[in-house]
Amino acid sequence: MRFMHCGREEFLKRTENRRLVLFGASVQPHEVELDLREKFGVELSDYVDGIVDNGAKKWGTDFSVGSNTLKIESPAALRKKDWSKAAILITSRFYLEIIKQLDAMPELCEAEVYAWPCVILDMELTPEGKYERRITGEAIKQYNDYLKAVRCDNEKKEQMLSAVREKISAPGYRVLPRVVLMHSNICTLHCKYCCDLIPQVKKTYYIRADEIIKNLQLLLTGVDMCVSADLTDGEGLLYRELDTLLEFLLNEDKIETVLLMSNGTVIPKESTLNLMRHPKFWINFSDYGVGEKFQAVRDKLNAYDIQYTVNESLVWKDFGVHDLKKREESRELLRYEFLRCCNKMCSKAYIDRKLYACMPAFRMSNLGIYQSDKDYIQINETDTPSEIWEKIVNLCMINYIDACDYCNFENTGVPFVPIGN
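As numbered in numbering that gives the first Met the number 0, residues 0 to 420 make up the sequence shown, in order.
Treat the hints as calculated values from the structure; they're not laboratory data.
A virtual CB, placed ideally from N, CA and C, is assigned to each residue, including glycine.
Mixed in with the good hints there might be a few duds.
Stated by the list, open to error - Computed cross-link-like contacts, DSS-like style, restricted to lysine-lysine with a CA-CA straight-line distance of at most 27 Å:
| no. | residue 1 | residue 2 |
| --- | --- | --- |
| 1 | Lys316 | Lys38 |
| 2 | Lys155 | Lys253 |
| 3 | Lys129 | Lys299 |
| 4 | Lys202 | Lys373 |
To be verified - Label-pair distances were calculated between CB atoms; the ranges are:
| no. | residue 1 | residue 2 | range |
| --- | --- | --- | --- |
| 5 | Ala169 | Pro105 | 51 to 61 Å |
| 6 | Glu15 | Pro198 | 44 to 54 Å |
| 7 | Thr135 | Ala75 | 44 to 54 Å |
| 8 | Thr220 | His277 | 17 to 27 Å |
| 9 | Lys156 | Gly6 | 23 to 33 Å |
| 10 | Glu246 | Ser329 | 42 to 52 Å |
| 11 | Glu389 | Asp102 | 39 to 49 Å |
| 12 | Thr220 | Asp298 | 33 to 43 Å |
| 13 | Arg239 | Glu15 | 54 to 64 Å |
| 14 | Asn67 | Gly6 | 19 to 29 Å |
Work out the full structure, taking the sequences as your base and the hints as a guide.
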């Protein structure tokens, strides 16, 4: 068995004339299918003619890969393949264990084996690629998300995107893709599987707007632009000083866009609605099926011509929020989960001059589940702008945090659960 270390482009080049057998019949084959189609215009179903899994209950059942419907087989079927014309793509979070399993099969000595959790990390292979993926590229992604809410024609949107991209791409330009301003952890819903751990909160907190603004001003001295200032913390429309905070954010030149995420159960007061009409502002709603109440909120925003988007067809995974404890997984596996995790790029929680690597790191620390100073940077009033920027870059480029020992966010082996209840 020859385990191949490479990124997506090299993987596609190496397997261009080979048939693929997928090892792992769960969520990940669909992730591979979607990624290859969106990024490279490649249909995975054109290459795959077999799928195996270690779960005996799955053997003989159908599994769809694009337009193909395959019968899931036992790994024993791999012994019969001609590996001069085929290759194995591991599509499972248990890829480390599967690699060992395949290595113990002498019939596979000539087989080329790839693991999707490793292939997908092609942008993480060099410091330059990592910087592009986590900072520059993520900043563009955040701005593109905002443009989905902007009410203008595509030509205007392209001009706006081009202007921001030109700024961000300039040598030495310091851009923070997104900062999540933690303000209060109250919510109108207490969803059983909430990834923000709201049902586990025993003591609410409330951060005054003047304190948030003062700490944010300090952080902003280290950057030229923050693409997205995000008010995701419980239900943002319940925050009592929202108007004060919005007024500052909307008038701060270094902040390009202001996002408030909402569950669509609270109608903003008139003064807030007037502030929300600002072109930098947008709301992202999660549609949890609250029906008439959600429609009433949307009607009010439409009346004030406020920019918003709606997340529909949401899928939630069971992050184990009811019993968070240290996972019995290897550090190598958890590190690969972190490298794949979208949270590490976009969700920088900021509170008490601490900038956390991701939202779960702050949430779990706040609940006392664990404590680690490796998961955040401390911004000090004595820091120079260059020192603040260096801290931000170091946080964005980190390879692992202790929150991963408890977090299932990028664990593709966990089951799906009902949303919004």
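(message) Next pair to validate is Lys202 with Lys373; report whether the Cα-Cα distance is within 27 Å.
(response) Cα-Cα ~24 Å, so holds.
(request) Take a look at whether the Cβ-Cβ distance between Thr135 and Ala75 falls inside 44 to 54 Å. (result) For Thr135 and Ala75 the Cβ distance comes to about 46 Å; the hint holds.
(message) Would the hint linking Lys316 and Lys38 be met if the CA-CA limit is 27 Å?
(response) Satisfied, since the Cα-Cα distance of roughly 24 Å is no more than 27 Å.
(request) Just tell me: holds or violated, for the beta carbon distance of Glu246 and Ser329 against 42 to 52 Å? (result) holds, 49 Å
(message) For Lys155 and Lys253, compute the direct alpha-carbon distance and say whether it is at most 27 Å.
(response) holds, 21 Å
(request) Confirm or reject the claim that Lys156 and Gly6 have a C-beta distance inside 23 to 33 Å. (result) holds, 30 Å
(message) Tell me if the beta carbons of Ala169 and Pro105 are separated by a distance inside 51 to 61 Å.
(response) With a Cβ separation near 56 Å, Ala169 and Pro105 satisfy 51 to 61 Å, so the hint holds.
(request) Using the Cβ atoms, figure out if Asn67 sits within 19 to 29 Å of Gly6. (result) Given about 25 Å between the Cβ atoms, the range holds.
(message) I want to verify a distance hint. Is the separation of the beta carbons of Thr220 and His277 within 17 to 27 Å?
(response) Hint holds: Cβ distance 23 Å, inside 17 to 27 Å.
(request) Could you see if the CB distance from Thr220 to Asp298 stays within 33 to 43 Å? (result) holds, 41 Å
(request) Given the hint of 54 to 64 Å, check if Arg239 and Glu15 actually sit that far apart at their C-beta atoms. (result) holds, 59 Å
(message) Within 39 to 49 Å: is that where the Cβ-Cβ distance between Glu389 and Asp102 falls?
(response) Roughly 42 Å apart at Cβ, these two residues keep to the hinted range, so it holds.
Comparing the model with each earlier hint shows a violation of hint 3 alone; every other hint is respected.
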